[in-house]
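Given next are the chains, with one letter for each unit.
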Amino acid sequence: FEMEPDCCPDWSAVARSWLTVTSASWVQMTHNNFWLKKIEISVSEAEKRTGRNAMNMQETYTAYLIETRSVEHTDGQSVLTDSLWRRYSEFELLRNYLLVYYPHIVVPPLPEKRAEFVWHKLSADNMDPDFVERRRIGLENFLLRIASHPILCRDKIFYLFLTQEGNWKETVNETGFQLKADSRLKALNATFRVKNPDKRFTDLKHYSDELQSVISHLLRVRARVADRLYGVYKVHGNYGRVFSEWSAIEKEMGDGLQSAGHHMDVYASSIDDILEDEEHYADQLKEYLFYAEALRAVCRKHELMQYDLEMAAQDLASKKQQCEELATGTVRTFSLKGMTTKLFGQETPEQREARIKVLEEQINEGEQQLKSKNLEGREFVKNAWADIERFKEQKNRDLKEALISYAVMQISMCKKGIQVWTNAKECFNKM
Amino acid sequence: TPSPDLLMARSFGDKDLILPNGGTPAGTSSPASSSSLLNRLQLDDDIDGETRDLFVIVDDPKKHVCTMETYITYRITTKSTRVEFDLPEYSVRRRYQDFDWLRSKLEESQPTHLIPPLPEKFVVKGVVDRFSEEFVETRRKALDKFLKRITDHPVLSFNEHFNVFLTAKDLNAYKKQGIALLTRMGESVKHVTGGYKLRTRPLEFAAIGDYLDTFALKLGTIDRIAQRIIKEEIEYLVELREYGPVYSTWSTLEGELAEPLEGVSACIGNCSTALEELTDDMTEDFLPVLREYILYSDSMKSVLKKRDQVQAEYEAKLEAVALRKEDRPKVPADVEKCQDRMECFNADLKADMERWQNNKRQDFRQLLMGMADKNIQYYEKCLMAWESIIPLLQEKQEAK
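Those protein sequence lines, which keep their order, are chains C and E.
When we follow the UniProt record's numbering, the leftmost residue of the first sequence carries the number 1, and every step to the right adds one.
When we follow the UniProt record's numbering, the leftmost residue of the second sequence carries the number 1, and every step to the right adds one.
It should be emphasised that the hints constitute simulated quantities derived from the structure, not laboratory data.
A hint or two may mislead.
To be verified - Quick list of in silico lysine-lysine cross-link-like pairs, DSS-like style, CA-CA up to 25 Å: (1) C:Lys425 / E:Lys169; (2) E:Lys381 / C:Lys234; (3) E:Lys305 / E:Lys317; (4) E:Lys169 / E:Lys148; (5) C:Lys199 / C:Lys382; (6) C:Lys251 / E:Lys218; (7) C:Lys251 / E:Lys360; (8) E:Lys350 / C:Lys251; (9) E:Lys62 / E:Lys175.
Just chain C, with the same shape it has in the complex (with noise of 0.2 Å):
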């Protein structure tokens, strides 16, 4: 990867808001002293604008402010770099282009374009304040995924990404990374006509293929629980208003029934935190969906490149073989020349040497390529088989988190739980 050493600083990323996963990688990079720099990245605002897009169209949408600071090394202190500006669509062509440049990478992936898996009580619109916020906190924590990996933070468009406002876009584009994308189809017929597959990849697309599927079965399901939840507690509140009311017809039992009612009233209400909490260990669910997608882009490349392979070393095989049976003059197998010769009579010898020193050409020509295409794909298993490692153990880690954090919203709903009703026991005792 062509890197111009003056203008990528080193860097490691720091998550000024709530993000327990990528703090993680954040204290693994600063044991490492070969960053000399630090920057601390953070999307701090989201902004609703107008404005008029490529067919001048009015159309609304959310801009993101990224704020970088530099660290100091010595003092801690941070001084702010720069600020600015960027919509999520720009966010994708960033991602776009990474996976160009970087195929053999599991790229981080972005946050959700529209609210998806949600419970039916929360919106599903774009402009939505809570999910402009969760988008928020999503691209902060795509951007410190790439500003701490260990190849992706070292890319010069990405920084330009974080420091440049103008011509981002055409600098992005001048990189042609376009051009270099592998066509939808191409990868579609490498998947079915590939003949040695390396069995490491296939099971990885299988795991993805399965982990994208239990990830998205468990954000359904997990979405019409919360949907349920939200109906038992708000029920509940139905017992304030009645204990309310029936406490004014009674004497003795009154008071207790109006405070206790108070309690139902506390316990209503108390969903609506939990399940907001629950929204983030839902969002962490959904970037390892999303992932899964990553997983699956590198396993596709490797296919590709083996199909590519494969496809080098049968053409050079079938022009030796031409070549062989130029010299010897035989045709081991039926084909068209075999067929054209028999037709219209052997031609000169000059013609066939001629023919066959082009081919001897050809096949020297392949054989290069294909020493270079092995090259090629040994050092793309070798780094993407890298990168794979380093994202499992992110997964786990990240994962495992998520899961600890998830029984700790479940430990403290339950305590909540007990507590009201304690409170409202308390009252009915009264009575």
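Fit chain E to the known structure of chain C by using the hints.
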């Protein structure tokens, strides 16, 4: 005077022996000592430390399948030191119809008293399996409560029909013989005043009427809320039952994460079980008590109505006398009798209302505290489950 030991021996040993009017002469034995003995035998039913000399239990439901019909009978065991009972202990089998008969007999013979309600003949409309274990158990509890309420009543518990209900070997024979009696007794209330409108209902009874209207309304709402909560909880349970296993499925894909995921799955399983217990408890213990009180308010309203009738009868007679006042200045005897009846009615009703208010307060206190307890227990179980998997999740991380 038989010693307590003897009494005990009888109640256990002579169960199926027919003693010719011997039994336990309760009047001669000290009520205090025998009741404390019975208390020991009879567990927890001591309310307000009142001495109790009559204990009734409904248990052991049995299904009977005949050619014509299928029905359930319940065993009713009575222990008493009262003189009205020839034996210290009785055990009979009765079916719902018999309870129904008892209730109408009580209503007839004690029109001035509040008769506790029976559980509805058919609970929820739609398909309820009348012979399912849950239904029979819920009904058994309600029937037991019904008899306990009568037993606790200072007047109703001495009712002749009640005695027969508890003791008669052949209740059907008694039922037939009672028909003639019924027609005679029913008359007195029936021939009342056609169309006479009550002048003024005394304030306190008007207040009771208003109270009952609101009370029944609020209880109806609470009943609907409770049912709705149970419905929501059951739907929540269905989702949880699907949710937990997804973590298990996921764990089969993973290496290092397998154990934590499996742990979460097991944890959700435990929470589901706890939730199921909660909904079962609420269905079995909470709803029936609400229902009983909703029915109770109906019984109460019908007694109030009867009281109004008696008052109306008295007022009508008084008016008739007033018209003839010039001729006969003295209030005739039957009007006086009528007034007595009204005053007795009022006194009975007030006493019953007070007793009912007390019971209600205690019952609801217990019921609602029970609801809170069940919910606390549910959350404690879930809390324990979630807390137990935290070390499982953390340990692995530190080990790394």
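Straight-line alpha-carbon gap Lys350 of chain E to Lys251 of chain C, limit 25 Å: 16 Å, holds
Sort out whether Lys169 of chain E lies within 25 Å of Lys425 of chain C, counting only the CA atoms. 46 Å, violated
Is it true that the CA of Lys199 of chain C sits at most 25 Å from the CA of Lys382 of chain C? 15 Å, holds
Taking 25 Å as the top limit, are the C-alpha atoms of Lys251 of chain C and Lys360 of chain E close enough? The hint holds at about 12 Å.
Take a quick look at whether Lys251 of chain C and Lys218 of chain E sit within 25 Å of each other, Cα to Cα. 15 Å, holds
Under the criterion that the straight-line Cα-Cα distance not exceed 25 Å, is the pair Lys62 of chain E, Lys175 of chain E satisfied? 22 Å, holds
Holds or violated: Lys305 of chain E to Lys317 of chain E, with C-alpha atoms at most 25 Å apart: Given pair Lys305 of chain E, Lys317 of chain E holds - Cα atoms ~18 Å apart, limit 25 Å.
Given pair status - Lys234 of chain C, Lys381 of chain E, alpha carbons within 25 Å: 22 Å, holds
Please work out if Lys169 of chain E and Lys148 of chain E have their alpha carbons no farther apart than 25 Å. Answer holds: Lys169 of chain E to Lys148 of chain E is near 21 Å, not above 25 Å.
Hint 1 alone, counting from the list given before, is not met by this structure.
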